[in-house]
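Can you make the complete structure from the sequences, with help from the hints?
Residue numbers (the working numbering), protein chains in the order written: chain A, 1 to 290; chain B, 1 to 249; chain C, 1 to 324.
Worth flagging that the hints you see were computed from the coordinates, not collected in a lab. Remember, it's a predicted structure, so these values are computed and weren't measured experimentally. Quick reminder that beta carbons are idealized off the backbone N, C-alpha and C, glycines included.
Just so you have them, the derived chain A footprint on chain C, three or more residues with Cβ under 8 Å:
| no. | stretch |
| --- | --- |
| 1 | 57 to 65 |
| 2 | 111 to 117 |
| 3 | 236 to 250 |
| 4 | 274 to 288 |
| 5 | 294 to 302 |
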Amino acid sequence: MEIIILGATRGALYSVIAVGFVLVFSVGGILNLAHGTYYMLGAYMTYIFYSLVFQGSSTAWLLLSIICAIGVVALFSCLVYSILLRKHVESLTYVMVMTLALALFVSEIMALLFGVSGSSVPSLIEGSASILSVKVLNQQLLLLPMALVILPSLWFFLKKTRMGQGIDAVAQQRDGAILMGVNADRALIVTYGLSASMAATAGVMVAPISSVVPEMWLFPLIKAFAIAILGGMGSILGAVIASFLLGYAEVFTCFMFSEHLSEMVALVLIVLVLVFRPSGILGKKDRMNR
Amino acid sequence: MIQLQAIEMKKRFDGLLALSGLSFEVHSAEILGIIGPNGAGKTTAFNCLTGFTRLDGGSVLLDGQNLGRKKPYQIVNLGLSRTWQLVRPFFGMKVIEALQIPTFCRRVKNNSFDQTEVQERIYKVAGQLSLADKLQDTVDNLNQGQLRLLDIARALMVYPKVLLLDEPFSGLSHFEINKISATVKNLNQDGLTVVIIEHRLRELMKLVQKVVVVNFGQKIAEGTPQEVVQNPEVTKAYLGKEGEKIEIP
Amino acid sequence: MMKRQVLVLFRNESPAALSILAAGFLFGLMSDNYFYIEVMMLAAIYAIFTMSWDILTGYTHELNFGFALFVGGAGYISGLANLHLGLPPYLTITIGALVTGLVGILIGYLTLRLKGPYFAMVTMAVAAILYKTSYLLHQYTGGEEGISGLGNLTPDPRYDFLIVWGITTIVYLLLRGYAGSRHGHILKAIRADENVAQCCGINTAYHKIETFALSGFLGGIGGGLFAHTQMQIGPTMLSGYISVIIVLLAIIGGMGTIVGPLIGAISLHLLNDYLRVVEGYRIVIYSGILILLVYLAPHGIFNLQILKKSKTLSFLLLGRRRTG
Ligand SMILES: Nc1ncnc2c1ncn2[C@@H]1O[C@H](COP(=O)(O)OP(=O)(O)OP(=O)(O)O)[C@@H](O)[C@H]1O
Ligand SMILES: [Mg+2]
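In structure tokens form, the structure reads like this:
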């Protein structure tokens, strides 16, 4: 029973992180290794706004801080894209190296500013609930509605709005979309910002239940990797399904064996899937050869 | 003597039958043309002959030896060399460097024992394909015609017994086509077996001794250029209706 | 006769690289500043890392993002062999390097079909698995602490230094020779078009695996040297941080040149050390500078167009080009 609920919350969290990662990859061929950094920044910015800027103590202030945090991360990611990435976005090596270097850099800055020991952010809803005799933190339960709001709205955005349709078109078939007059560059920057703010949202939601530490960027990045590969690099629905698969697989390993081993699940999955079933996931051959 | 033999080659790409039992044979020192409409399976046939695509059925014999499960590089080392429908040069290299790559294969090492002979062969082949004055240029600066010539030169560097050319004339001027035709004829006179896929029938027919016509992954006709163009099946496949003739001079 | 052969070995070499290597030796022989001897020694070890990374990634352009696997893996193996089996450093380093060479063969084989992001991800993930394993097996590996108290290379730091620089020089010449030989040309052909390289009768799979093995073996030597000169090895050497630093140093130097990664690693390591004056901010400033350099010269200093255009500069820095 515990496995079912914990797996679901974990899957919900992963899906919000991974969908953005996959979206950026399919729209721009960008393997954004700074994705986890936006997650981390979401958490840190909430802390900064709540404890340092507003110094408030009510839930309203917390909500405001959260909104500001997500906004700042979105802005920051757009800056990163247009200053650091845009010029060489075609070069996979450059993008990977640059985003990873950036991830290290930001995490070092956070370590410098706030130390490695961790800062804390209060929960949106305190306390815990018992569902079918399983005790779960409320904040953790909040992850489910978060995913339930974000994912359908993303779907709505991509399928129903003009801008979103453009992005979707670029993701499906880049050259065709450009011929049809979609501004691929603008589609990419919007996607990049959107993906970063989704990562930041996830970070914000997790901040109260895990401590906010400088190396917290690594874990969501690895999960996003594994999910993207499992779900077929480029398919959003695939990513959502894979998120829950990974979530359950990890919770299960955690219960059966140990916490440490469950951290390995994602890594081992990456290697196994890529090495032994590349044909199943290398749907986009031309893009991967770029 | 039959040098290269394709027997009942079958290949299916999920749902689509690209080759449905294609058979043909090439005699040594012959120039064979393969023609057929777009999507007929000609390139797929080359890919199967050279080991880049695994056959679902049938087999390929080179000098009586089954190429069955051989890897592409092993097939090249047995003397079957090819070019691609789109030019595929080694971008970023100099022409001379690009021509040096094939000399590193086992076949060349066995064929010529000292380094000077290999070097001389680069100049000889480059000369045959009018690339002699381009040797020090980077590949990126060549034009389409020169890239074609470079591809053919590269394929010749491995001392092939059989050379497969996939649409060597496409995108070239008459002048360049004549040049390639003349070169192929010369090489053929020296004993090289050549198989050419081409859509430019007029130029092809002047060059080849025999033509195989492929449609829907099958051989629909075979014979001398004259026989083939008079075959009603062929005109139908090409023009969609019977009764008209394909003109060759 | 012998002398002629040795001369031939150097004839095509980059004067810049040779003079830096020579200057290093001179410094090691003359200086009594043991602090800087240690610093220069570590710089040379980093150069071994970046050069052995470069022979694979610089020539095939498949990004190895998990080089820590070789470096840290060999470091731990030689450390453990030294500590528990009591083997002398020259043996443990050889064993460590042989093991990582074999691991290179294995990973090369498994990743044969992978390209681009997929290749990068697998290398990264494999290294991360080893990193996590080092925590899981903490009773052997010391977990966070790592293992320390390893045997010295030699009792005298100066000899350590000379050995390390000697090995760096050998690795440099070896890799330049390899890259300039048919092996290097074949790798470039594979990078340009693997299918066409096969059409040239070349067993591309074999060549990729061979280079992976070489890269792993030499990286392993670097890792073993690190363990024995620092007399300890910890999880940092297995971490993503070290992988990224190696990638950054090599890229800033100039991928696919061997010279670039050599000089890049040495000079940037010295810069990093110089930043000790602002210890608290050191890592931030250092990684900031690295990012700036990648941004300004994405293809690396030694691949800058200005250098390639000028004959003198290109000769001085990269050595004579062997073609034709
Ligand atoms: N790798 C592949 N995967 C799926 N389908 C393929 C593949 N290669 C070829 N096909 C299909 O097989 C059929 C035959 O293709 P092929 O390239 O052999 O034709 P062709 O005779 O060379 O045509 P063209 O004259 O246009 O070059 C085509 O319908 C093509 O779409
Ligand atoms: Mg074709």
